[in-house]
Amino acid sequence: MHLIVVGLSHKTAPVEIRERLAVPESRLGEALTRLCSYPGVKEGILLSTCNRVEVYSVVEDVDTGYGRIQEFLADTHLSLSSEQLTPHLYWHTGDRAIAHLFRVASSLDSMIIGESQILGQLKDAFEVALAHKTTGVIMNKVVKKAISVAKRVRTETKIAEMAVSVSYAAVELAKKIFSNLHEKTVLLVGAGEMAKLAAKHLIANGVGHVRITTRTPQHAVELAERFGGIAVPFDQFKDDMASADIVLVSTGAAHYLVGAEDVHRAVQERMNRPMFLIDISVPRNIDPAVRHVDNAFLFDIDDLKHRVEQNRAERVHEAEKAERMVIEEVTMILDWMKSLEVTPTIVALRNRVEDIKRAEVEKVLGRLGHLSAQDRELVEGLASSIVNKLIHRTMVTLKNEVNSSSGPAFVEAARQFYALDRPAASTQQTGTYSESSRYLTDSRPQSEADEPTPETSVPKRAR
Amino acid sequence: MAAVCFMIALSLYIVATVSFLSYSLRRSEALSNVSLSITAVGFAFHTITLIMRMTGASSSAPPSFSDALSFFSWMIILVLLIVEFRHRIHVLGSFMVPLAIVSLISAAALPESEPTLQPVFKTLWFHVTLSMLGTVGFAVAFVAGVMYLIQDRLLKSKQFNVLYSKLPALDFLDHLNQQSIVLGFPLLTLGIVTGAISAELARGSYVSWNPEQTWAVVTWLFYFVVLLGRLTIGWRAKRAAYLTVVGFACVILTLVGVLLKGHSALS
Numbered sequence: 001m002h003l004i005v006v007g008l009s010h011k012t013a014p015v016e017i018r019e020r021l022a023v024p025e026s027r028l029g030e031a032l033t034r035l036c037s038y039p040g041v042k043e044g045i046l047l048s049t050c051n052r053v054e055v056y057s058v059v060e061d062v063d064t065g066y067g068r069i070q071e072f073l074a075d076t077h078l079s080l081s082s083e084q085l086t087p088h089l090y091w092h093t094g095d096r097a098i099a100h101l102f103r104v105a106s107s108l109d110s111m112i113i114g115e116s117q118i119l120g121q122l123k124d125a126f127e128v129a130l131a132h133k134t135t136g137v138i139m140n141k142v143v144k145k146a147i148s149v150a151k152r153v154r155t156e157t158k159i160a161e162m163a164v165s166v167s168y169a170a171v172e173l174a175k176k177i178f179s180n181l182h183e184k185t186v187l188l189v190g191a192g193e194m195a196k197l198a199a200k201h202l203i204a205n206g207v208g209h210v211r212i213t214t215r216t217p218q219h220a221v222e223l224a225e226r227f228g229g230i231a232v233p234f235d236q237f238k239d240d241m242a243s244a245d246i247v248l249v250s251t252g253a254a255h256y257l258v259g260a261e262d263v264h265r266a267v268q269e270r271m272n273r274p275m276f277l278i279d280i281s282v283p284r285n286i287d288p289a290v291r292h293v294d295n296a297f298l299f300d301i302d303d304l305k306h307r308v309e310q311n312r313a314e315r316v317h318e319a320e321k322a323e324r325m326v327i328e329e330v331t332m333i334l335d336w337m338k339s340l341e342v343t344p345t346i347v348a349l350r351n352r353v354e355d356i357k358r359a360e361v362e363k364v365l366g367r368l369g370h371l372s373a374q375d376r377e378l379v380e381g382l383a384s385s386i387v388n389k390l391i392h393r394t395m396v397t398l399k400n401e402v403n404s405s406s407g408p409a410f411v412e413a414a415r416q417f418y419a420l421d422r423p424a425a426s427t428q429q430t431g432t433y434s435e436s437s438r439y440l441t442d443s444r445p446q447s448e449a450d451e452p453t454p455e456t457s458v459p460k461r462a463r
Numbered sequence: 464m465a466a467v468c469f470m471i472a473l474s475l476y477i478v479a480t481v482s483f484l485s486y487s488l489r490r491s492e493a494l495s496n497v498s499l500s501i502t503a504v505g506f507a508f509h510t511i512t513l514i515m516r517m518t519g520a521s522s523s524a525p526p527s528f529s530d531a532l533s534f535f536s537w538m539i540i541l542v543l544l545i546v547e548f549r550h551r552i553h554v555l556g557s558f559m560v561p562l563a564i565v566s567l568i569s570a571a572a573l574p575e576s577e578p579t580l581q582p583v584f585k586t587l588w589f590h591v592t593l594s595m596l597g598t599v600g601f602a603v604a605f606v607a608g609v610m611y612l613i614q615d616r617l618l619k620s621k622q623f624n625v626l627y628s629k630l631p632a633l634d635f636l637d638h639l640n641q642q643s644i645v646l647g648f649p650l651l652t653l654g655i656v657t658g659a660i661s662a663e664l665a666r667g668s669y670v671s672w673n674p675e676q677t678w679a680v681v682t683w684l685f686y687f688v689v690l691l692g693r694l695t696i697g698w699r700a701k702r703a704a705y706l707t708v709v710g711f712a713c714v715i716l717t718l719v720g721v722l723l724k725g726h727s728a729l730s
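If you're matching them up, the sequences are chains A and B in order.
FYI, in this note's numbering the residues of the first sequence are 1 to 463.
FYI, in this note's numbering the residues of the second sequence are 464 to 730.
For the record, the hints were derived by calculation from the structure and aren't laboratory data.
Careful, some of the hints might be misleading.
[Stated by the list, open to error] Capping the alpha-carbon separation at 25 Å, the derived lysine-lysine pairs in DSS-like fashion look like this: (1) A:Lys305 - B:Lys619; (2) A:Lys145 - A:Lys42; (3) B:Lys629 - A:Lys305; (4) A:Lys184 - B:Lys621; (5) B:Lys621 - A:Lys175; (6) A:Lys305 - B:Lys621; (7) B:Lys701 - A:Lys175; (8) A:Lys133 - A:Lys144; (9) B:Lys629 - A:Lys321; (10) A:Lys238 - B:Lys619; (11) A:Lys175 - A:Lys42; (12) A:Lys175 - B:Lys629; (13) A:Lys363 - B:Lys701; (14) B:Lys701 - A:Lys184; (15) A:Lys123 - B:Lys621.
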């Protein structure tokens, strides 16, 4: 069993490819079911966002798995040929696949490091996969771990704390002036795109009242409706300023609309309650002399950009911490996966020798029909003790090496020595018998293996 | 035993200060809980010290000035722990714990049991307790004021540094400032009244205009004006912050006055 990921992201593929490959939510279930219908694909989850399309899967064989998933991706989108797709894809397996998933979940691989959407998207993708039963033990554990790693990164680093957009930086600054934005009023003067975005963020963060003024009265009324606010006539907005805790100015005016005197008056009217002024216009609309007015805090576009730059740098710094966490967590989950690999190997080994023993004992006992029940038990005991002693060291070694770096090598060796990877080795009675006999006694004529029925019936009589 | 507990509490507060300061000046959040835990343990030892002092001294013995200072810093830490618990503003510790330390060290430096007034009834206990509680209010207002002025400066000069990110919002600090004075002022008023009664009982006159009393009255008037200004003509935010910083200087002078009086009484 191997965990692999095949996909593309904003780092490897242009938007033209990404948008064509993206799987709409309504078709996610169907796509997953199709993915798991490919032979050798055991588990699957499909993460499709505007910045990435990735298939995480548990497959029997890595190389075939890569091929299957690539096939699946190309098939999902008839307009894309495999040749178009391949140059944009990345493939990872084992620890690198897990690390990739953890990094994606923790938003370390995002376009904007630390953004929070991706975790929700991963959770949704996981839920769809659960609903369609396309995940199993390994995937469930790994994805759940990825979610918890992302949460850990979020709480233990400041990766998501700082604003990295100008409009959000305004909210962050507002929160350093007003501890609670509820019941606060924002006055929007002019309606540039960025100002509207900032207003939206402020409202989302609790700002209760919105007042809007624009040169075109009709525009203000429309915006007021959109934001659930009140339109204020443009020639009166300066008198209205005292009622605003936050003033957001972005007009196309080529001169200062708001002077230091206006702000001073407003602050006095407000009984010195602090005022937060944001000037997103270029050229500026608020006189920079406002800086000298007590209890008025003016920030222009450069101040906001400066803050954003600082935060970006800070996020990158925090991302380094997060990367270390990811490495730590990957090591932990790899330990788990390794033990998972050893356990089935041990079980398969036991079954295999048990089958061989039973087959051989039955064969011998079939010829020694005169033995008493006691002697039969003796023969059986002898066989048991030989095979157990033979595999004892192997078992012990496998168990001991579970967590060592050579663990997988031992598992691999054991699987080869005992041919544990041959299909239906331990489940089908007849198949087992014929195969194991052939395996141990290659020189015997094939016919022996072909007539198992009388022999298998021997122990039944014996019992 | 009380002295040992006292020293342990003091040492823990000093460690906590170092921890709080490095928390406030570093990006990492790691030290916040450590600092808080150290403070809480120190507070426990401090509480033991105070209980021992109280049960040790007979009830008729008057409170010494150093006990009053120790009580003051105990209250400061208590307020810190309460505000921390409610608002999780760890940076507060970097300001409050040093204040408590200064007061504790002064308490330790003073000769131990030298009454500033002759033992008279329980009024002196009330006087000391109430005045100290009032002082705690003004001390918290002072800390909030200092923090306000720093944050105001950082915002105005657009220095978005670590301290900026750790200091709380301006209006929170202004609110804390107001609440502390609103609570501290009536307590100080009662403290002064009970002090005057004690003086009357001890010396036969309510007011003798010694440095302690003079500064107490100046302080009281000052905060009265500050409070009135805030409630009527909007002396809030930056002005309130400045005023409470100045006001606390009056408080310190009053306490120095108490000390001088104690010494003059001795000589």
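Structure versus earlier hints - violations, ascending order: 11, 13, 15
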